[in-house]
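**Q** Please work from the sequences and hints to get the whole structure.
2 protein chains.
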Amino acid sequence: MREYSIGLDLGGTNLRAARFSPEDGLGEARTVATRVNMGPDAVMEDILELVGQVRAEAGPHQRLRGVCLAAPGPLELPVGRFHQPPNLAGWHGFAMRDVLQPRLDVPLYLENDANAAALAEYHLGAGREAKPRIFCMLTLGTGVGNGLVMEGRIFDGVRGLAGEAGHITVDPAGALCGCGNVGCLETLASATSVVVRAERLLTEGRAPRLRTLVENRGLSAALVSKAAEEGDADARELFAETGRALGMAMAAIVNILDPEMIAVAGGMSAAWPLFSPSMLEELRRRSYVFRLAEDATAFERPCRVLRAELGADAGLLGAGLLVFLER
Amino acid sequence: MREYSIGLDLGGTNLRAARFSPEDGLGEARTVATRVNMGPDAVMEDILELVGQVRAEAGPHQRLRGVCLAAPGPLELPVGRFHQPPNLAGWHGFAMRDVLQPRLDVPLYLENDANAAALAEYHLGAGREAKPRIFCMLTLGTGVGNGLVMEGRIFDGVRGLAGEAGHITVDPAGALCGCGNVGCLETLASATSVVVRAERLLTEGRAPRLRTLVENRGLSAALVSKAAEEGDADARELFAETGRALGMAMAAIVNILDPEMIAVAGGMSAAWPLFSPSMLEELRRRSYVFRLAEDATAFERPCRVLRAELGADAGLLGAGLLVFLER
Numbered sequence: 000m001r002e003y004s005i006g007l008d009l010g011g012t013n014l015r016a017a018r019f020s021p022e023d024g025l026g027e028a029r030t031v032a033t034r035v036n037m038g039p040d041a042v043m044e045d046i047l048e049l050v051g052q053v054r055a056e057a058g059p060h061q062r063l064r065g066v067c068l069a070a071p072g073p074l075e076l077p078v079g080r081f082h083q084p085p086n087l088a089g090w091h092g093f094a095m096r097d098v099l100q101p102r103l104d105v106p107l108y109l110e111n112d113a114n115a116a117a118l119a120e121y122h123l124g125a126g127r128e129a130k131p132r133i134f135c136m137l138t139l140g141t142g143v144g145n146g147l148v149m150e151g152r153i154f155d156g157v158r159g160l161a162g163e164a165g166h167i168t169v170d171p172a173g174a175l176c177g178c179g180n181v182g183c184l185e186t187l188a189s190a191t192s193v194v195v196r197a198e199r200l201l202t203e204g205r206a207p208r209l210r211t212l213v214e215n216r217g218l219s220a221a222l223v224s225k226a227a228e229e230g231d232a233d234a235r236e237l238f239a240e241t242g243r244a245l246g247m248a249m250a251a252i253v254n255i256l257d258p259e260m261i262a263v264a265g266g267m268s269a270a271w272p273l274f275s276p277s278m279l280e281e282l283r284r285r286s287y288v289f290r291l292a293e294d295a296t297a298f299e300r301p302c303r304v305l306r307a308e309l310g311a312d313a314g315l316l317g318a319g320l321l322v323f324l325e326r
Numbered sequence: 000m001r002e003y004s005i006g007l008d009l010g011g012t013n014l015r016a017a018r019f020s021p022e023d024g025l026g027e028a029r030t031v032a033t034r035v036n037m038g039p040d041a042v043m044e045d046i047l048e049l050v051g052q053v054r055a056e057a058g059p060h061q062r063l064r065g066v067c068l069a070a071p072g073p074l075e076l077p078v079g080r081f082h083q084p085p086n087l088a089g090w091h092g093f094a095m096r097d098v099l100q101p102r103l104d105v106p107l108y109l110e111n112d113a114n115a116a117a118l119a120e121y122h123l124g125a126g127r128e129a130k131p132r133i134f135c136m137l138t139l140g141t142g143v144g145n146g147l148v149m150e151g152r153i154f155d156g157v158r159g160l161a162g163e164a165g166h167i168t169v170d171p172a173g174a175l176c177g178c179g180n181v182g183c184l185e186t187l188a189s190a191t192s193v194v195v196r197a198e199r200l201l202t203e204g205r206a207p208r209l210r211t212l213v214e215n216r217g218l219s220a221a222l223v224s225k226a227a228e229e230g231d232a233d234a235r236e237l238f239a240e241t242g243r244a245l246g247m248a249m250a251a252i253v254n255i256l257d258p259e260m261i262a263v264a265g266g267m268s269a270a271w272p273l274f275s276p277s278m279l280e281e282l283r284r285r286s287y288v289f290r291l292a293e294d295a296t297a298f299e300r301p302c303r304v305l306r307a308e309l310g311a312d313a314g315l316l317g318a319g320l321l322v323f324l325e326r
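Protein chains in written order, with numbering that gives the first Met the number 0: chain S, 0 to 326; chain B, 0 to 326.
Since the hints were derived computationally from the structure, they do not count as laboratory data.
We put the beta carbon where it would ideally sit given N, CA and C, even for glycine.
Treat the hints with care, since some could be wrong.
Said to hold, decoys possible - Quick list of the computed label-pair ranges, beta carbon to beta carbon:
1) B:L324 to S:G151: 18 to 28 Å
2) S:D23 to B:G179: 48 to 58 Å
3) S:A129 to B:G58: 42 to 52 Å
4) S:A94 to B:G230: 44 to 54 Å
5) B:R303 to S:V78: 17 to 27 Å
6) B:E229 to S:V78: 41 to 51 Å
7) S:V195 to B:P106: 48 to 58 Å
8) S:M0 to B:E280: 53 to 63 Å
9) B:E198 to S:D294: 29 to 39 Å
10) S:G204 to B:E198: 43 to 53 Å
What the hints assert, rightly or not - Now the stretches of chain B that chain S is said to cover, found in silico as 3 or more residues with beta-carbon under 8 Å:
11) 73 to 86
12) 167 to 174
13) 177 to 191
14) 257 to 271
15) 285 to 293
**A** The following block contains the structure:
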């Protein structure tokens, strides 16, 4: 009997579910709004409802192997407990497994969404050919997500809280982060941080091209990117600063783990031409392996750094895939 | 037949060798001066000579299972190639395995010395009871070494160059490091850095207690530590700065890996009472897991941070032990 899994991606805005099988890939996703304010129990009902719908659609001639839910962190594993999740206000302390597993007759897997996305990118995206032994992904979105895949499997850390590189300090005296620290990577490399810093530029009467562009629309990271592409020097420097922050954090990752590949995902990765030159320069300067690799007699190539390929479905895909990788 | 291994610790000053068995532990070490300036081939002969001596001593009624050499980094593995090693000047590009393995009739294992020390500390020192799933050690000596042990085994990275946390940038505009970067942890947390910074204090006419102490002796990290213990405010601030640098780098490690235990080893760890308060404060501020753990409903305890137990034999012990852990 053919087997499939159900992957779910729980976001602060939308809850999505789709069937997955290694043969057919990801089915069409069902999407409902995440009723964050109704509390976790209401959303757990929505999750079970979606699982029921996908299951009904698949019919009785295929076997459901398991369900995996990818959720925003910080998510303690394996219990699936949220700890002050910035995108799920009021869910602090809620432990998903206790509520969901008893209502399912198949195994339930829980995972941090950035980890699930990294798993998909490793197996089906940027990592699919090289199958890098140590793979790291940074997802530049509302925040900065991070996932690690080692020897083909997610590296979760002791409590599921590995992969928080978005909270590496890159500027010890920098801006306040949502986590309470100052100068985290997230304060300089998330889409949110681009908007916040662009607002400051506009307040200071700088970024002339951006000022013209913004007159007709609301300010967004994409618009700042457009201004930079059109030559706005202040907007360009803003992305260069993002690149330096990314390079600094990547250097810490490289110094600790000596990985084989780092992929950059998320909406912000579209601005790759704007931030990657300063990112790579900073990485080369701040990472021991990269410095050593500058020598001609050193190893063939240091860690590869490249754009992710999968886009917004990576978390959902990773959730579906994870069920097939677990024994 | 009883089995033993031979562990060797190749340092910039001394080369040491000892037999090891799980039953009897580490035998008495034989030590010769490392003839760094005679070049790697001469030292390889010394290594083989020491192996022969230890083997003769063990006699024919015990079986030699393997030989493991712990050497200073950067050491590319598994080939054992040095890349501009700061403590072995002129050895750049030398690949040990090619020279040593053909002259041995037992398996040869090569490892970075900080990794070998971490392995010993995990199995026989600070980690022996808790057996932390993810264990990290920082060795504060001439430089800052770093080793990772995951699930009981050394984590080497893709090329053997994982565990270079000594080169994490903790002060983006800091002092020049031997690696070519500025503001590495090593520039603020090695014994060398304590002496360099203390010299600066003395040049500036500060650190009065240290000035008195140093009149009778040469300046050393131990003397700066003594001055701090005796109340010298400038010397105390120097160690507080070391602590902040350590806390910053540990926070990066915690944010990336979510480890269970971090041990601090090396000569400088004797100054624990002087640097650990600011280290732990900075770690709490800069690490997401530690911040979350401040909440009473969060997980029981975050990563444990403590002093290593084994002392200067850790590298040698780890080398001997490694042979028994490899299959």
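**Q** Please go over all the hints and tell whether each is borne out by the structure.
**A** Comparing the hints with the structure gives:
1. B:L324 to S:G151: 18 to 28 Å: holds (23 Å)
2. S:D23 to B:G179: 48 to 58 Å: Since the Cβ atoms of S:D23 and B:G179 sit about 51 Å apart, the hinted range of 48 to 58 Å holds.
3. S:A129 to B:G58: 42 to 52 Å: At 50 Å between Cβs, range holds.
4. S:A94 to B:G230: 44 to 54 Å: holds (50 Å)
5. B:R303 to S:V78: 17 to 27 Å: Given a distance of about 20 Å, which is inside 17 to 27 Å, the answer is holds.
6. B:E229 to S:V78: 41 to 51 Å: Since B:E229 and S:V78 have Cβ atoms about 49 Å apart, the given range 41 to 51 Å holds.
7. S:V195 to B:P106: 48 to 58 Å: At 57 Å between Cβs, range holds.
8. S:M0 to B:E280: 53 to 63 Å: holds (58 Å)
9. B:E198 to S:D294: 29 to 39 Å: With a Cβ separation near 31 Å, B:E198 and S:D294 satisfy 29 to 39 Å, so the hint holds.
10. S:G204 to B:E198: 43 to 53 Å: With a Cβ separation near 47 Å, S:G204 and B:E198 satisfy 43 to 53 Å, so the hint holds.
11. 73 to 86: holds (count 4)
12. 167 to 174: It holds, with 5 qualifying residues against the three required.
13. 177 to 191: holds (count 3)
14. 257 to 271: holds (count 3)
15. 285 to 293: holds (count 6)
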